[in-house]
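**Student:** Protein sequences, first through last, are from chains A and B.
For the first sequence, counting from 1, position 80 maps to 79 in numbering that gives the first Met the number 0; every step adds exactly one.
For the second sequence, counting from 1, position 9 maps to 8 in numbering that gives the first Met the number 0; every step adds exactly one.
Some clues are possibly wrong.
[What the hints assert, rightly or not] Once the Cα atoms are required to be at most 25 Å apart in a straight line, the calculated BS3-like pairs of lysine-lysine come out as:
id, chain 1, residue 1, chain 2, residue 2
1, A, Lys-111, B, Lys-215
2, A, Lys-86, B, Lys-215
3, A, Lys-44, A, Lys-29
[Unchecked claim] On the chain A side, residues computed to face chain B include the following (Cβ under 10 Å):
id, residue
4, Ser-5
5, Phe-7
6, Ile-16
7, Gly-17
8, Asp-65
9, Arg-70
10, Trp-73
11, Ala-78
12, Ser-80
[Said to hold, decoys possible] Beta-carbon label-pair distances, calculated as ranges:
id, chain 1, residue 1, chain 2, residue 2, range
13, A, Gln-227, B, Cys-412, 35 to 41 Å
14, B, Asp-141, A, Ile-22, 47 to 53 Å
15, A, Ala-14, B, Arg-278, 36 to 42 Å
16, A, Pro-261, B, Asn-465, 45 to 51 Å
17, A, Phe-7, B, Phe-344, 52 to 58 Å
18, B, Met-339, A, Phe-7, 48 to 54 Å
19, B, Asn-465, A, Asp-226, 52 to 58 Å
20, A, Thr-222, B, Asn-465, 58 to 64 Å
21, B, Leu-37, A, Gly-124, 57 to 63 Å
22, B, Pro-420, A, Phe-7, 21 to 27 Å
23, A, Lys-114, B, Asn-465, 28 to 34 Å
24, B, Tyr-96, A, Asp-61, 30 to 36 Å
25, B, Leu-292, A, Leu-34, 54 to 60 Å
I should point out that these hints are in silico values taken from the structure, not numbers from a laboratory.
Virtual Cβ for every residue (Gly too), placed ideally from N, Cα, C.
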Amino acid sequence: MTKGYSRFLTILFCAFIGGVLLISTLLPDKDFSPLENRVLQSPPKLTLENLQNGKFMEQAEDYASDHIVGRDFWVALKAWSERLSGKRENNGVYFAADDTLISRVEDPDMDKLNKDMGYLDTLVGNVNVPVYFGLIPTAACIWADKLPAGAPSADQQSTIDQLYFSTGASTIDLITPLMEHKEEEIFYRTDHHWTSLGAYYGANALLQAMGMEPLDLANYTKTTVTDQFYGTLFSSSGVRWLAPDHIDTYISGEGITVTSYPSGSPVQTQLYDESYLDQKDKYSYFLGGVQGLRVIHTQQEDAPKVLLIRDSYSDSLAPFLTQRFSEIHLFDLRYNATSVKTYVEENDIDAVAVLYSFSNFISDQNLGLMAR
Amino acid sequence: MVFSTPIFFFYFLVLTLLLYYLVPRRGRNVVLLCSSLLFYYWGERTYVLIMFLSTAIDFTHGLLVDRYKKRGNDKAARRTVASSIIFNLALLFFFKYWDFIASSLQAVGLGFMPVLGTHLPIGISFYTFQTMSYTIDVYRGDARAQRSILNFGTFVALFPQLIAGPIIKYKDLGDQIDERTCSTEKFASGVQVFMVGMAKKVLIANNVGMLWEAYKAMAPGELTVAGAWLGVLAFTFQIYFDFSGYSDMAVGLGRMLGFEFLPNFNYPYISRSITEFWRRWHISLSTWFREYLYIPLGGNRCSKPRWAFNLFVVWAATGIWHGASWNYLMWGLYFFALLMLEKFFLLRRLERAPALVGHIYTLFLVLVSWAIFALEDFNQLTAYLKVMFGLGGVPLADAFFGYSLISYLPILCVAALASAPLGKSLFLRLPQRAAQVSGAVLILAGLILCTAYLVDGTYNPFLYWNF
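Generate the whole structure from the sequences, applying the supplied hints.
**Tutor:** What follows is the structure in structure tokens.
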């Protein structure tokens, strides 16, 4: 190796690693990554306790990786490189047909599920109104034919059948109607949620299970509120080569009041939160994102009141339910530890629906709160 | 701390190099010792004390051996060496093998040793072997006793080789600890070797490792014959590129700091016999066992049964060194059996056979050995081996096999090519100018790609925690 070349390689290497360190340190810290849709690690705190239990090291490692200069570029580069090397997935997200991203669903832990089904049965016994139970299959089930051939994903159909068979709640068949309409845009291509159209079929499945009159989409007009939606799968997959999704609504928010409880005390909000359309997290346009409790008052004053034990899939479902219920109570067990039994009694609820997407239900650790 | 993380690459390494080259030459070992201790403390916290203990005891033992030798008191010197060996082995035994032996005894109904649930300190097998060989070398006159505890501490804790080897003998490094030269040429060649190692670990090993993880997680009934082989093939590449990648990174970091370590791997998968494979695989470990166990036992200058016994001991030790579990012992004895076969009659025949026969024979046996190595659970191991040999009553292939093959074929081909010296010899044949340009381009590409995989590193295992 010649002297000049050695010097060149040495400078190249040192300038790269030193440059990354220098620029990363000089750049102002971001708390949140809009592109990845997650909170970034804050600077680690150097305390004796943090050192002894290793928290400092863990946080420092995450901090170094989260706040590296050009993080979004590195994440995208890795996804590109995986794709070019023949991979059909990155970070658990499949590059499916028709420019669609589909999240892999891991095989569920049946012991956990059986425990949760026990909590559900306790809930059925606790309240003297009917309890409905619905698991929403994810795109990995309904759009299985879009997945790369042979790509592994849990068998949602058989697990749902098994759980439905054993429960004391009245079950809601969501697979059949979604399967019937699988040629339509019922899931987003870049997000794990169902679209408003998918939610419409879901709403009718719920109404039918409750013996109520289904809705007819012909009575409503479609409004596209944004065509620049990049969802959660776009974020987690690192895939940057796809066109954005669009978000549609069918139900107008007029005459509907929404009371949210972001921190215990009530706040008036809306069925649709326009402010989210300017942000990355556009799905939160529906009802304004996660909250422990939200109550929707509609104009159908004589209609029954429903309590939904829910995940975020219900946010785009709720607009359709405003057409058939007087009050819709959205209860999120992750942020709400109130007793469901007491809540049902105090608010004269007429029906309870436990409605989760398959992947959230198999991973949620708070379902025990149903039995309170 | 491990090398393949942003915190090591962009923080620890940058600051260490900066300090190392800013302080006057005399202070460099202090910088190295402090940064190495921080490096170890980062992952192992208070277990760094065990390393202190080991350092202090072997340092004093070394001085004592030296003094007794100078006084001509061979008996006392020998006794001191024995004391050092006993201490190091006791340390290793307690932290690594106590629970294994206790739980094995309990399994057969002997409960006199309690299972303690001790944490195995990372790298303990590496540094106890290094410090143990130090006193032996001083006794044998192969190395001078180190007078400075600071320098000796630097040798033991030296971060490039601390947690995943190579196992460096004091006699090979002692002089460099005291006095070494740093130059731009050395640094640049260190950069080259380090980047090769980083690419091996981050771009190849972690990648094919995910394929092995998928197969390892399957119940025997979900496996297929072709899938089981594909899984083991993936592990075969993972362990080689991970381990030799670590060794390359160690050698590269060493050169950046002015050290020269001996190479640890020499294209093991191109071997034509198991005997050759073990000359090319984890060279520092087999050399260590040869010099400090096999030859003291009498090596091959003895009767044939005694020779076989010596080999048996060495290979049982080699196996169990890799982890306190029965499968590692089996793995070592598997190689013992194969090496005996080769020594007594197979090797001569292999040498006369066409090269291809030797390659296929070796790769086949090595693949099977990795299944034994990678599956600690005995029931899982037997079920997996059954599937590999068509006795599992499972289909030949399934859709998942097709999916995996398509997804991983390109990277497996890259791994296969990179397992042979072809790329290196082509590179060495390039005219100087072309070699320089392509070398610089490759290093820059390596820096950029590895950074991308380090930043979005969802799968980045450390395989040597049970060594």
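**Student:** Does each hint fit the structure? Answer for all of them.
**Tutor:** Against the structure, the hints:
no., hint, result
1, A:Lys-111 / B:Lys-215, "holds, 23 Å"
2, A:Lys-86 / B:Lys-215, "holds, 19 Å"
3, A:Lys-44 / A:Lys-29, "holds, 17 Å"
4, Ser-5, "holds, 4 Å"
5, Phe-7, "holds, 7 Å"
6, Ile-16, "holds, 5 Å"
7, Gly-17, "holds, 5 Å"
8, Asp-65, "holds, 9 Å"
9, Arg-70, "holds, 6 Å"
10, Trp-73, "holds, 4 Å"
11, Ala-78, "holds, 8 Å"
12, Ser-80, "holds, 6 Å"
13, A:Gln-227 / B:Cys-412: 35 to 41 Å, "holds, 40 Å"
14, B:Asp-141 / A:Ile-22: 47 to 53 Å, "holds, 48 Å"
15, A:Ala-14 / B:Arg-278: 36 to 42 Å, "holds, 40 Å"
16, A:Pro-261 / B:Asn-465: 45 to 51 Å, "holds, 48 Å"
17, A:Phe-7 / B:Phe-344: 52 to 58 Å, "holds, 55 Å"
18, B:Met-339 / A:Phe-7: 48 to 54 Å, "holds, 52 Å"
19, B:Asn-465 / A:Asp-226: 52 to 58 Å, "holds, 53 Å"
20, A:Thr-222 / B:Asn-465: 58 to 64 Å, "holds, 60 Å"
21, B:Leu-37 / A:Gly-124: 57 to 63 Å, "holds, 58 Å"
22, B:Pro-420 / A:Phe-7: 21 to 27 Å, "holds, 26 Å"
23, A:Lys-114 / B:Asn-465: 28 to 34 Å, "holds, 33 Å"
24, B:Tyr-96 / A:Asp-61: 30 to 36 Å, "holds, 35 Å"
25, B:Leu-292 / A:Leu-34: 54 to 60 Å, "holds, 56 Å"
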